Amino acid sequence: MTAQILTQLVVLVLAIALGLELISRVPALLHTPLMSATNAIHGIVVVGALVIVLTADDTLTTVIGLVAVFFGAVNVVGGFVVTNRMLEMFRGGRRRG
Amino acid sequence: MTLGTGTTLAYLAAVALFIFGIRLLRSPQTARAGNVVAAFGMLIAFVVTFLEWEADALTLGLIAAVTAAGSLVGAVTARRVPMTSMPQFVAAFNGVGGGAAALIAFSEFYELQQAGHANVVIVVMIFLAIVIGAVSFSGSAIAFVKLEELALGGSVTFPLQKVVNAGVFVLALAGGGYVLAGGPAPVAVAAGVLALALLLGILLVIPIGGADMPIVISLLNAFTGLAAAASGFALGNFVLVVAGALVGASGTILTYLMSGALGRPLSKILFGAVAATGTGAAAEAGEKPVTSGSPEDVAATLAYDADSIIFVPGYGLAVAQAQGAMADLMRTLEAQGKDVRFAIHPVAGRMPGHMNVLLAEAEVPAEKMYDLESINDEFDATDAVVIVGANDVVNPVAREDGDNPIAGMPILNADHAKRVVIVKRSLSPGFAGIDNPLFYDQERTTMLFSDAKAGLEGVTQAVKNQG
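Just so you know, the sequences run in chain order A and B.
Residues in the first sequence are numbered consecutively from 1, following my numbering.
Residues in the second sequence are numbered consecutively from 98, following my numbering.
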């Protein structure tokens with residue numbers, strides 16, 4: 001357990017460093033789509049919610065997990081679809097130009 | 098819990114796709130592909146989770162039903178939302194994600210208590226996920242209510258606000274400390290902490306005015322990422338840790354960039370300056386003379402006195418949904434052989450890049466949109482600037498040293514152009530709360546007092562009539 005926690009800490013720190021590096025090079029023009037896309041990516045909580053439901057031993061946990069699955073699904077699908085809509089417009093603008 | 102090899106590799110692939118997707122989002126040409134790549138990563142992570150844990154038909158059926166319902170709500174909302182309302186819907190999608198993270202952490206805590214053993218680091222992560230996720234959930238809900246203009250307009254304050262906020266925060270911390278120390282009834286206390294965090298999210302966002310809301314949404318986006326990472330930590334699931342940390346980091350950078358561009362330190366937005374600025378300067382604003390004009394006056398200036406024109410769209414244009422009217426004026430002027438460009442301040446609109454999205458929706462070609470660095474030297478050689486619904490981002494006061502709220506903020510050099518037209522409802526200051534000397538430059542500036550949309554339509558019509 002402790003070894004796993006240490007590994008996770010390493011992963012966490014490296015992921016944060018990578019995130020800072022990736023984002024600081026995005027032009028301001030794309031900040032809103034980027035915010036929306038990353039918003040969809042943190043919808044990864046839907047996977048955590050799935051794990052809760054799939055491993056639940058009692059009704060309370062199952063219900064809480066299912067609510068979380070619903071929230072997560074809204075987050076993921078809404079986030080990616082709205083980002084796609086925004087980016088479609090950029091493409092449209094360029095084509096007509 | 099230890100993941101199987103296949104699941105681990107599939108999660109790794111999902112994480113790689115997220116990183117690659119964000120990388121593709123760095124350029125307008127590949128951004129759309131980047132979004133699809135990230136979505137594909139999400140699909141992989143979702144599907145392989147079912148391979149790792151077996152479940153009975155009832156559970157699978159419930160999951161399928163709930164996932165379908167959530168996806169439908171998300172997809173329908175995302176398709177219907179008008180582009181001007183997008184910030185509040187990003188807030189809403191963000192809020193439910195934060196809520197999910199808090200619920201995951203809470204139920205994991207409940208399970209660990211049933212099992213009777215929990216590592217200290219895990220419990221700390223669980224409480225982080227509960228508090229940050231719940232703050233993001235209720236804070237985003239308040240941001241949504243404010244931006245949709247349902248209630249709580251402006252800055253809502255009450256006596257001893259900061260003391261109350263600090264008190265709630267300390268209580269929530271004390272709850273976490275109590276559980277770590279091994280006190281009785283830990284699950285009930287955790288539920289109490291969840292409730293306190295929900296209250297804290299509300300209290301933190303109600304005093305923040307509409308114009309600062311994008312920064313708050315960006316911050317809450319980062320919060321949800323961190324909550325997702327913390328809940329992933331608690332579950333021992335690295336795909337949540339990595340994806341959450343990526344978003345936490347990106348949201349933090351974005352928030353920092355936004356507040357920096359506005360010359361508003363984050364601490365000031367969140368904890369101070371509530372309705373404190375602006376009254377003094379605003380009070381005397383009406384007394385100085387300005388040159389005010391009709392749409393016909395503006396049309397005459399643009400038609401006879403200008404060959405090169407730069408449009409400066411601002412927050413007011415987004416609020417009035419006048420991007421289509423601005424694009425119409427562009428096309429009308431271009432039909433008369435004028436050179437029209439758009440100067441977009443980093444924080445124009447309601448979020449960074451939001452103005453680009455709005456103008457793209459109105460079919461303004463992307464190559465006509467210039468950012469601050471690439472157009473600021475061009476204003477000197479420009480005949481006319483049309484500023485619509487913007488104020489602080491063209492306020493020359495920002496160039497002066499001193500203690501004014503926007504000192505040092507990068508601004509567009511609109512005051513360097515030969516003629517300036519400002520379409521604005523009134524002389525009221527922007528949210529920085531300071532007067533703009535450009536309004537009172539009677540030689541150079543014509544004020545068209547109007548709603549952004551009606552004003553631009555009036556000018557377009559007048560240009561057509563003259564042409």
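Careful: at least some of the hints might be erroneous.
[To be verified] Now the in silico label distances, taken between C-beta atoms and shown as ranges:
no., chain 1, residue 1, chain 2, residue 2, range
1, B, K561, A, L20, 30 to 38 Å
2, A, E21, B, S389, 49 to 57 Å
3, A, L14, B, Y467, 33 to 41 Å
[Claimed, not checked] Far from chain A by the CB rule (all over 12 Å, computed), these chain B residues:
no., residue
4, L114
5, S204
6, E208
7, A248
8, P281
9, G390
10, R496
11, K515
12, T543
Honestly, the hints are just simulated from the structure, not real lab data.
Since this is a predicted model, take the numbers as computed values, not measurements.
All C-beta atoms in this analysis are idealised placements derived from N, C-alpha and C, irrespective of residue type, glycine included.
Taking the shortest Cβ-to-Cβ distance between A248(B) and chain A, state whether it exceeds 12 Å.
holds, 22 Å
Least C-beta distance from R496(B) to chain A larger than 12 Å
holds, 21 Å
Would you check whether the claim that P281(B) is not at the interface survives, using Cβ distances to chain A and the 12 Å cut-off?
holds, 19 Å
Is the gap between the beta carbons of L14(A) and Y467(B) within 33 to 41 Å?
holds, 37 Å
Say whether it holds or is violated: T543(B) keeps its Cβ farther than 12 Å from all Cβ of chain A.
holds, 29 Å
Would G390(B) pass as off the interface with chain A, using Cβ distances and a cut of 12 Å?
Non-interface label stands for G390(B): nearest chain A Cβ at 31 Å, farther than 12 Å.
Find the nearest Cβ of chain A to the Cβ of E208(B) and say whether that gap is larger than 12 Å.
violated, 6 Å
With 49 to 57 Å as the target window, see if E21(A) and S389(B) comply at their CB atoms.
holds, 50 Å
Using the beta carbons of K561(B) and L20(A), state whether their distance is inside 30 to 38 Å or not.
violated, 50 Å
Is the nearest Cβ of chain A still more than 12 Å from the Cβ of S204(B)?
It is violated; S204(B) is separated from chain A by about 4 Å at its closest Cβ, not greater than 12 Å.
Are all C-beta atoms of chain A more than 12 Å from that of K515(B)?
holds, 27 Å
12 Å Cβ clearance of L114(B) from chain A:
Its Cβ does come within 12 Å of chain A, the nearest being 10 Å, so this is violated.
Checked against the numbered hints above, the structure breaks hints 1, 4, 5, 6 and satisfies the rest.
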